[in-house]
Amino acid sequence: MNEHVHRDDFGSRLGMWLFLVTEMVLFGGLFIAYSYMRYRYPVEFHHGGGELNATLGIINTLVLLTSSLTVVLAIVAVQRAEKQRAMLFLGTTLVLGLTFLVIKSFEWAAKFHHGLYPNSPHLATLPPGEQVFFGLYFTMTGLHGLHVIAGLSVLGVMLWWVATDRIRQDRYVHLENGGLYWHLVDVIWIFLLPLFYLAA
Amino acid sequence: MSEHVEPSAEYSTDHQGDHHAEHPGYGTFIKVWVLLLILTGCLVGVSHLGQTAAVWGLLTLTPLKAGLVFYFFMHLRYEGPLFKVVVLVTLGTLLIFFALLFSDVAFH
Chain D
1 MNEHVHRDDF GSRLGMWLFL VTEMVLFGGL FIAYSYMRYR YPVEFHHGGG ELNATLGIIN
61 TLVLLTSSLT VVLAIVAVQR AEKQRAMLFL GTTLVLGLTF LVIKSFEWAA KFHHGLYPNS
121 PHLATLPPGE QVFFGLYFTM TGLHGLHVIA GLSVLGVMLW WVATDRIRQD RYVHLENGGL
181 YWHLVDVIWI FLLPLFYLAA
Chain H
1 MSEHVEPSAE YSTDHQGDHH AEHPGYGTFI KVWVLLLILT GCLVGVSHLG QTAAVWGLLT
61 LTPLKAGLVF YFFMHLRYEG PLFKVVVLVT LGTLLIFFAL LFSDVAFH
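If you read the sequences in order, they're chains D and H.
Per the working numbering, the very first residue in the first sequence carries number 1; after that it's consecutive.
Per the working numbering, the very first residue in the second sequence carries number 1; after that it's consecutive.
Calculated directly from the structure, the hints in this document are not laboratory data.
Just so it is clear, CB atoms sit at the ideal spot from N, CA and C, and this is done for glycine as well.
The hints are all genuine.
For the chain H half of the interface with chain D, some residues (derived, Cβ under 10 Å), not all of them: (1) Phe29; (2) Leu36; (3) Ser47; (4) His48; (5) Val69; (6) Phe70; (7) Phe83; (8) Val86; (9) Val105.
In silico DSBU-like cross-links for lysine-lysine, where the CA-CA straight-line distance does not exceed 35 Å: (10) H/Lys31 x H/Lys84; (11) H/Lys31 x D/Lys83; (12) D/Lys104 x H/Lys31; (13) D/Lys104 x D/Lys83; (14) D/Lys83 x H/Lys84; (15) D/Lys104 x H/Lys84.
So that you can see chain H by itself, here it is in the shape it has in the complex:
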């Protein structure tokens, strides 16, 4: 137990350190939450303006809300590129399946 002084401590600071260079405070997350509430209000409001407006609201506001949760609450903003790539590849795959299904539907 000599040369090898507290390797675990060093290891962990290193790892906690590189992703949490500076921890965001309470305020950041509360602001995001307020924004999420406002967007929910907009979504509900838009859904009363007829079918077309409702569908556009669904297609724009909902991914925006999900993006805010991913980016801030799920800390993607503070992670390296790997995690972002993993999420984007997944969403891209789903989008490909979606496009394949509807291109098939279009030709029936």
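So that you can see chain D by itself, here it is in the shape it has in the complex:
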């Protein structure tokens, strides 16, 4: 009857952090590539940044920052055994994450409409520096977008687990780890905003 469940919350969080470190190196490499290319093509990057919709970039920043807040508030709510509130916070995060993706898709659709998409004939007519700018733009925001989708899937499961009491006051390390991933996605966007949208 005495079911011994091995638990090591510290180890669990350490494992998550080690994974996040690999993510930081993945994006870090792209940031280093960006900085060299911007150093090499300052005028083209300035011009490329002018083509992007800064307002949408700023709105998406506010959306992601707020979604990060609601995740961390959901953890506080679980710690206080306020289940309904935790579900409300997590639900808000999911809605905000989806809002981010919708805004992003409108933004990309507008770019595609103007003939700006990877390997497009129009892109090939632009100077090399601008081709590099848009190459990095699509690679980095695209990779970030995939991370948003992954993070939303994870947090969707977390919401379900809170609802079914699999995550509760005395056991919430999964929610903490899911939250850690979501915050890293937010941090990456914090860097993407000034590098691309405010580059002009």
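Position chain H against the provided structure of chain D, taking the given hints into account.
Chain H in isolation, oriented as in the chain D frame:
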């Protein structure tokens, strides 16, 4: 099942306990979020003041914002030294690669 009473319960309180000695409340995180919004506003404002100001804003305000998310939202503040070391070693490694690349560029 005698001597060994609820080892899992003891184990878990121990582990939850040492890192969450005192849980921060809603207020702490809301304050950090307000600060993040203000810093975002500053970053956007600074980007209109010309290229030099924009680059300085990027190099100072952005790491500050990321630091706030790491320290508070990602609970690094409430973790032991190991997690902080892991993050700092990673950032240091990236910085070394960055320095190596630009020292190479400088001599071309």
